[in-house]
Amino acid sequence: MSGLANVQFWAFVGVVAGIYTIFALGLQLQFGFTGLLNFGHVAFMAIGAYTMAILVVKVEWPLWLSALVAIAVSMLFGLIIGLPTVRLRADYLAITTIAFGEIIRFIAVNQQTLTGGPQGTINLTGAGRASSYNREWLDFQAWAQDQLEVILGDHATRDVTMLVLVWIVAIVLIILLQFMVHSPWGRVLRSVREDEDATSALGKNVFSYKLQSLAVGAAIGAIAGLFFAFQFSFFSPQDFDPLTTFFAYVIVLLGGTAKNWGVPVGALIFAFIFAGTRFLDFWPLSEITSADRAFLRLIVVGLILIGLMAFRPQGIFGKKEEMVLE
Amino acid sequence: MSAPERNGTILELSDVVKHFGGIAAVAGAELDVRRGSITALIGPNGAGKTTLFNIVSGFYKPERGVISFRGERIDRKPPHAIAKRGLVRTFQITKALTKMSVLENMMLAAPDQPGEQLWRLVVTPRSARAREREVHQKAHEVLKLVRLDRLADDYAGTLSGGQRKLLEFGRALMRDPTMIMLDEPMAGVNPSLGLELLDHMKRLQDERGTTFLLIEHDMEVVMNVSERVIVMNEGRVISAGPPDEVRNDQAVIDAYLGTGRGSGESTRPTEETPPGEGETA
Amino acid sequence: MNELLQLIANGLVTGSIIAIAAIGLSLVYGILKIVNFAHGEYLVFGAYMALVVNVTWGQSLVLGALFAMVMTALLGIALEFGLWRPIRKRGAGIVSLFIVSIGLALVLRNSILLWQGGAPRRYDVDVFQVYELGPIRLSLSQIVVIIVASVAIVAVGLLLARTTLGKAMRALSDSRDLASVSGIDTDRITAYTWILGSALAGLGGVLQGLVQNAFEPNMGFRLLLLIFAAVILGGVGSAYGALVGGLVLGLMMEVSTWSALPADGVDAVYKPVVAFVVLILVLIFRPQGIFGRARTV
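Residue numbers (our numbering), protein chains in the order written: chain A, 1 to 326; chain B, 1 to 281; chain C, 1 to 297.
Read the hints as simulated data drawn from the structure, not as lab findings. Every residue, glycine too, gets a C-beta built ideally from N, C-alpha and C.
Okay, the calculated bits of chain B under chain A, using three or more residues with CB under 8 Å as the criterion:
| no. | segment |
| --- | --- |
| 1 | 69-80 |
| 2 | 98-104 |
| 3 | 116-124 |
Make the full structure from the sequences, and use the hints.
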């Protein structure tokens, strides 16, 4: 697959960037605004996707209800994970949240009857019978595609429709989050990030605010999980490994900690690098095997993380004075 | 509010003990603070004064002892709950929220903000907005009082040490507290402004019956403004009474001489001296 | 009963590997100020260094293990001088340092993947020999691991307890600031600590590769969480704590599968989850661990 001008390819990249934007927005609230070094964020994506799929396929609830419940369940898990961890120092919180994320993944892999096991949601109704949670979504998407055709004509393909849908949600979320972080509530979060003792000395329940931040971030992560589920029609536990959370950190740090509008920029840059190196075939990339390219990409990701911390911790849009990474 | 009764006890400590490692930072402290008074807490370095503040304000849990504020036990309560009950403290090493503006620092401090609760933001946005406007206005007024109003939109991180002390004081005022515990409020503050602050303290005491407990090293301030002085040494309260009595108390003189410092020595920490030199935690 | 004894033996095998790696992690904690997320990759590095000697060059695994320890020590020193020290000098805080360690982990792991690929590899040893000691059956690999680990642990224990260098290392691992204040040449001791900590990690990697029969570069991350749990259980900053924590954790993980327990014991696949649960419980109820001093965690 080559050709920079392939609209469908870039639409797909845009969808993935959009999903990552939503995912990273949840992390931005927890980490960027509240200072919680949550490294288990992918668990919320997984819980959102799996809860929805299980409710649709096994309990046979309508999609809209399953999706809402999935978001609520994810928020609940945010609270559960938060209860023992939010009091911890940053690096302990990080590793403990990773541990929680791994527990979720373990359960997803091993509780075959609940989650379909390692093969993923295709096995939700038992091995050998391909099950799908997607039907209602595809109907909705077809409807949306029809509406879109009025404006875009032939260009309104499935991927383009998804692109529009994902980004509408992403932008709505950014606007909502901007409102929230500039409110008094957001002010408390930012103060918690900077100095918990000063914040509690001023009468604010730091513990409660941290939990709230985790829960809201978890809800947003779940929304990302839902879109992931709809885009790919089925998923399995290995789609939700810690690497996904690392990517979200790169996106948040690139765009700028505590800069909501920086997140889509970071996501687009990230998606561009990834997709570009994955699918484009010009030299020297053509000399390297696909597997090796994957490893190289991750080395680059690691170097970006180190480089950002060393040279530009405020990211693209952050301000040095507001740098809370010390 | 009726004229504040001056003789009631608003804060009472009984047998408060706190160890760090093997050392007793506070070894059985007993004291009481009278409602509506200005009381000074003094003592040589390492006496445990800031530790006591941390315990009373809920940042440390004592191993033993009872602390009552307005008749209610607060020794097991977390800091935010104590602050909500009207007992506010400032910090010896200032805690300005440096990445936020001076104005935001002040607005954060205000109590009863419906906008701070997410569900209220959504359900009752108008009352949230109204209160935010109130808080905004009050913040500007208090900033004017502490002479920081022209810096309202600057990052608090750009403030000097003395200015940060003023910010802490201003933040405390935002809460309309019943009692304020000030940890070295004058450190690094220029003298004339310091006098203004003392005036303001007295005015608050008169008009609202606000109680003040201050840790101070500057003996002039202590003698001039406080009605009562409590002296700590090595984790215990060794003397308490009117300034003149305390200054002549042999135990107090010994305590100060014993650590190589003369009593009555005016030690006004300048901006260069880190406030609160070396008190253990 | 026999099952229990077998599980205990298995637990000692698992636990001693975790202990060795955990001691290393604990020692460098005081230098780094953070728990090094890349530590798991040091183990992998060691495992693959030994692989080169043992399989590519056809030498004995003993030589491989020694080579692994040397090379991992060099890696540790190189990273200290090339990465950690410069970043520390910029005054990086905990959050920055942790994110850097994540980046480092990605670079290390994927470099090894790039170099050796992701297919499982194994050492050139006879894995089929099984010995019976009473009711317990152990493979040669497991016996070797126990012996080597015990020797290493005793050696390290003596070093830490009896020598000046060891005492300085312990002081440093507990608190860099306190150590420098008490007159310890922190730069020199830092270098030695990295050498010891990294060498132990390398050895741990070889032993784990041996016990696992087949290993690949992603094993580092899986081990890291267990190592971390051991360090927390034992008490951060305490090398002895890490030792005890590792052994206890290994035992807990294995014994939890004992069929005499309610619900027939934990399912073997969930053994790591046992470690995670222990980690979480310790952090809730006794964050300083067994030997740690009460401190902000």
